[in-house]
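Same order as they appear, the protein sequences are chains B and V. Under numbering that gives the first Met the number 0, the letters of the first sequence match residues 0 to 250, in that order. Under numbering that gives the first Met the number 0, the letters of the second sequence match residues 0 to 339, in that order.
Note that these hints are calculated values from the structure, not bench results. Even for Gly, the Cβ is constructed at its ideal location relative to N, Cα and C. Check each hint, because a few of them may be wrong.
As the list claims (entries may be wrong) - Just the calculated beta-carbon pair ranges, DEER-fashion:
#, chain 1, residue 1, chain 2, residue 2, range
1, B, GLY6, V, ARG124, 35 to 43 Å
2, B, ARG130, V, ARG228, 34 to 42 Å
3, B, GLY106, V, VAL175, 50 to 58 Å
As the list claims (entries may be wrong) - If you only want the chain B side, here are some residues facing chain V, beta carbon under 7 Å, derived:
#, residue
4, ILE88
5, GLY100
6, GLU102
7, ALA108
8, VAL204
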Amino acid sequence: MILETRGIGKSFGSVLALREVSMGVEAGQVTCVLGDNGAGKSTLIKILAGVHRHDSGALLVDGAEVRLSGPRDALERGIATVHQDLAMIPLMSVWRNFFLGAEPRRGLAFDVRTARRVAREELRAMGIDIRDVDQPVGTLSGGERQSVAIARAVHFGARVLILDEPTSALGVKQAGVVLRYIARARDRGLGVVFITHNPHHAYPVGDRFLLLKRGTSLGEYAKADISRERLTALMAGEAELRALAHELERE
Amino acid sequence: MTDERLARAGVLRRLLIRPELGAVVGAIVVFAFFAAQSPVFRSLDGVANWLDPASTLGIMAVAIALLMIGGEFDLSAGVLTGTTGLILVTLATEYGFNVWPAMLVSLVVALAVGLLNGLIVTRTRLPSFIVTLGTFLMLQGVNLGVTKALTGTVQVGGLRQAGGYASAQAVLGGTVEVAGTPFRVAILWWLLVTAAATWVLMRSRPGNWIFAVGGDERAARAAGVPAARTKIALFMTTAFAAWLVGSMLALRYTSVQANIGIGQEFIYIIAAVIGGCLLTGGYGSAVGAAIGAVIFGMADKGIVFLGWDADWFKFFLGAMLLLATLANRLVRRYAEEVRH
Numbered sequence: 000m001i002l003e004t005r006g007i008g009k010s011f012g013s014v015l016a017l018r019e020v021s022m023g024v025e026a027g028q029v030t031c032v033l034g035d036n037g038a039g040k041s042t043l044i045k046i047l048a049g050v051h052r053h054d055s056g057a058l059l060v061d062g063a064e065v066r067l068s069g070p071r072d073a074l075e076r077g078i079a080t081v082h083q084d085l086a087m088i089p090l091m092s093v094w095r096n097f098f099l100g101a102e103p104r105r106g107l108a109f110d111v112r113t114a115r116r117v118a119r120e121e122l123r124a125m126g127i128d129i130r131d132v133d134q135p136v137g138t139l140s141g142g143e144r145q146s147v148a149i150a151r152a153v154h155f156g157a158r159v160l161i162l163d164e165p166t167s168a169l170g171v172k173q174a175g176v177v178l179r180y181i182a183r184a185r186d187r188g189l190g191v192v193f194i195t196h197n198p199h200h201a202y203p204v205g206d207r208f209l210l211l212k213r214g215t216s217l218g219e220y221a222k223a224d225i226s227r228e229r230l231t232a233l234m235a236g237e238a239e240l241r242a243l244a245h246e247l248e249r250e
Numbered sequence: 000m001t002d003e004r005l006a007r008a009g010v011l012r013r014l015l016i017r018p019e020l021g022a023v024v025g026a027i028v029v030f031a032f033f034a035a036q037s038p039v040f041r042s043l044d045g046v047a048n049w050l051d052p053a054s055t056l057g058i059m060a061v062a063i064a065l066l067m068i069g070g071e072f073d074l075s076a077g078v079l080t081g082t083t084g085l086i087l088v089t090l091a092t093e094y095g096f097n098v099w100p101a102m103l104v105s106l107v108v109a110l111a112v113g114l115l116n117g118l119i120v121t122r123t124r125l126p127s128f129i130v131t132l133g134t135f136l137m138l139q140g141v142n143l144g145v146t147k148a149l150t151g152t153v154q155v156g157g158l159r160q161a162g163g164y165a166s167a168q169a170v171l172g173g174t175v176e177v178a179g180t181p182f183r184v185a186i187l188w189w190l191l192v193t194a195a196a197t198w199v200l201m202r203s204r205p206g207n208w209i210f211a212v213g214g215d216e217r218a219a220r221a222a223g224v225p226a227a228r229t230k231i232a233l234f235m236t237t238a239f240a241a242w243l244v245g246s247m248l249a250l251r252y253t254s255v256q257a258n259i260g261i262g263q264e265f266i267y268i269i270a271a272v273i274g275g276c277l278l279t280g281g282y283g284s285a286v287g288a289a290i291g292a293v294i295f296g297m298a299d300k301g302i303v304f305l306g307w308d309a310d311w312f313k314f315f316l317g318a319m320l321l322l323a324t325l326a327n328r329l330v331r332r333y334a335e336e337v338r339h
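This is chain B alone, in the form it adopts within the complex (with noise of 0.2 Å):
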């Protein structure tokens, strides 16, 4: 396991946001966590990512058990997020973006050669077609933007990569995209937390799933263990489900 959570807990004052909640990442997987709005799964990222720090449990980085100091020693270690809005400045070209921060240098100058292309290897390497890494990342795609910032965290030596609802705010084509990407980074041996509110998403990727609700564990399932009905059904909740189709039932 490169990153793993052992009954990890974490509450804000008298707010229990997560319980004994277990997980953990293989490089070359896809570890999906599920759940509604409010189960926790953001909490959990940012337990991984660095942001937050986990007031019960453990938290292993390749076996050991760590304290993450900030998302720079997360990053540090190989554990790289991809949030929802992205950090990406939308008026900037690809290729900017994508060296944002870590610029390769000659002598005293941005090596812009350099930068344009790796970038477009880089893009290629992850077979994401972008016809232009000059164009500004404004122009790309809501899946295209998603895609590149998961080329850039892959370039920039990441072995666990984090993705927070990458699929989310984005149509049945695009997420099929994305989806794609993942797999990609997957292929490449990294480990991938896939975080998502959408069993139909997280099924034909993962392998292993971890389903939140209210900031518990319903359990960790590999694939095997799981049926896409099962999965969805643990997801949406049978029993809500079945209450609230009677209650919207006509007389």
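Dock chain V against chain B, hints included.
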């Protein structure tokens, strides 16, 4: 959509999203307009004449453009050209300083003002518009108050008698002959400043950071960009430009009025906007701002050459600003338009 169509749109888009495009077109139109009606305007003497105001304004506009791309304003820059000039002349004439050390002192003061602007803006997160409006008013008061207290008048003069005047004047305030026509040496400085600013923006790491902090400061910081340091450096660059221009004007006229530079701060911003800078930051060019200054210089002198009332200049300026902002808005929308 077929790929062919996208490829063609790509080329067109790349041309259209050059921030300086509007300024280049505007400069050609304005030049053609005045050149067609005034033979003096298109003569070498005429060119030297209208490049003169373009150069000092251009140096400031380029610095302000960098700052605006970085997402901030500086309203104190105009008055600061007065402050630096006043310090230079006062030290040289009232306190017997040689011109060069006097310029060094005024440079230190200018950089301190820039540093202060930058620190206040980055520490408090207050809009730079308000912060530098404050420094603008304070400097205006200091310029007048100190000058009056020291000389009893509202100007200082007599720089010509000071030691080191001849050499400093030659470097910053003199002229260079090209084909028998004297051109202000300030024009060379302006070209140098524009070239340096363009290099920094397009070919250096801080250039990438300037675009980033102006485009989305939070995202830039998340990517590891030293946002506060970048902005403070930009304020200090503007202060440096104000010092350069203030010294040039003081050396050229050998006296400085205590109210000089007031109102110029908006002209700098206008030139930068005509040159393609967005008021919201993150986009623009140094070359564009320099061309914006050329348009300004051509109109300033051209109206005089045509024998018009100089009041029309303000009308022209306003119309140019409106046109430029409209064009910039279109460009931005085009550049940011999301494709699916």
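Structure-based check of all given hints:
With their beta carbons about 40 Å apart, GLY6(B) and ARG124(V) fall inside the hinted range of 35 to 43 Å. A beta carbon spacing of about 35 Å between ARG130(B) and ARG228(V) agrees with the range 34 to 42 Å that was offered as a hint. At about 31 Å, the CB distance of GLY106(B) to VAL175(V) disagrees with the hint of 50 to 58 Å. Contact between ILE88(B) and chain V, as hinted, is supported at the beta carbon level, the nearest pair being about 4 Å apart and thus within 7 Å.
Taken as an interface hint, GLY100(B) checks out: its beta carbon lies about 3 Å from the nearest beta carbon of chain V, inside 7 Å. At a threshold of 7 Å, the smallest CB-CB gap from GLU102(B) to chain V is about 4 Å, leaving the interface hint in force. Taking 7 Å as the C-beta cut-off, the interface hint given for ALA108(B) holds, the closest approach to chain V being about 5 Å. Contact between VAL204(B) and chain V, as hinted, is not supported at the beta carbon level, the nearest pair being about 22 Å apart and thus beyond 7 Å.
Hints 3 and 8, counting from the list given before, are not met by this structure.
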